[in-house]
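Colleague: For the sequence shown, our numbering gives the first residue as 964, with consecutive numbering after it.
Keep in mind the hints are simulated off the structure, nothing from the lab.
Note that the structure is predicted; figures quoted are calculated from it, not measured.
You can trust all of the hints, since none of them are fake.
25 Å max Cα-Cα, derived DMTMM-like pairs, lysine to aspartate or glutamate: (1) K1118 - D1169; (2) K1118 - E1147; (3) K1118 - E1086; (4) K1118 - E1057; (5) K1118 - D1106; (6) K1118 - D1152; (7) K1118 - D1168; (8) K1118 - E1094; (9) K1118 - D1093.
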Amino acid sequence: MPLYFQAALHLQQMIADGDLAPGTRLPNEAELATQLRVSRPTVRRAVSHLVEQGLLVRRRGAGVRVVAPSVRRKAELTSLFDDLARHGGTPRTEVRGLVVGPVPADVATRSGIPAGTMVTSVERLRFAGDEPLALMTNVVPCDVLAPDAAMLREKGLYQLLRDAGCVPVAATQVVGARAASATEAGLLDEPRGAPLLTMTRTAWDDRGRLVEYGAHLYRASRYSFELDLGGGGATPVE
964 MPLYFQAALH LQQMIADGDL APGTRLPNEA ELATQLRVSR PTVRRAVSHL
1014 VEQGLLVRRR GAGVRVVAPS VRRKAELTSL FDDLARHGGT PRTEVRGLVV
1064 GPVPADVATR SGIPAGTMVT SVERLRFAGD EPLALMTNVV PCDVLAPDAA
1114 MLREKGLYQL LRDAGCVPVA ATQVVGARAA SATEAGLLDE PRGAPLLTMT
1164 RTAWDDRGRL VEYGAHLYRA SRYSFELDLG GGGATPVE
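Produce the entire structure from the sequences given, and follow the hints as far as they go.
Modeller: Shown next, in the form of structure tokens:
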């Protein structure tokens, strides 16, 4: 087994055991070479291998850091907040904007919300621990729910809908991808032009009432979609 691969396996095991926690900055090459008893070129190749595997990330001016582990999430009608909490994550929400007013014309066209309907439009940045994961825009009719920023920081939107007796039971969802703008890249800690997954979803309750429209952006480096074609549904993987 090549020395660089042995060194990579050792680092990988340290990550799996929690000795190198998510967000931890690796020591410099000289220190790692001493710890692992290999040459600096061997360390450099081992680190590059783990960067390619998605276990480490190299940032200019910030060194090499451990990437947070992936979290699996069922494609149920739940919020990312709830799913991160359920799988032992530490969800955190930054509410970047909240506006109450008539539904914007473009949203009405895409979602089917009748023109003139009063809605709450919210933009949120969702974190898993200290790592930004998703930039989310949601529109909710005011006669369904009137959330404020404090409510949205404390709970996921779908939990708030359930608490209000408006349980989403059906939805249409469209998944795509595009490059990040400069603003989006800055918010999501990605380079400008990095690939982002897009997801739009319109949800209805058991009375056929439209309860929510969402347009979300996810970091492709931390999120992908796994589809079970055997009838078990779809599973997004973060």
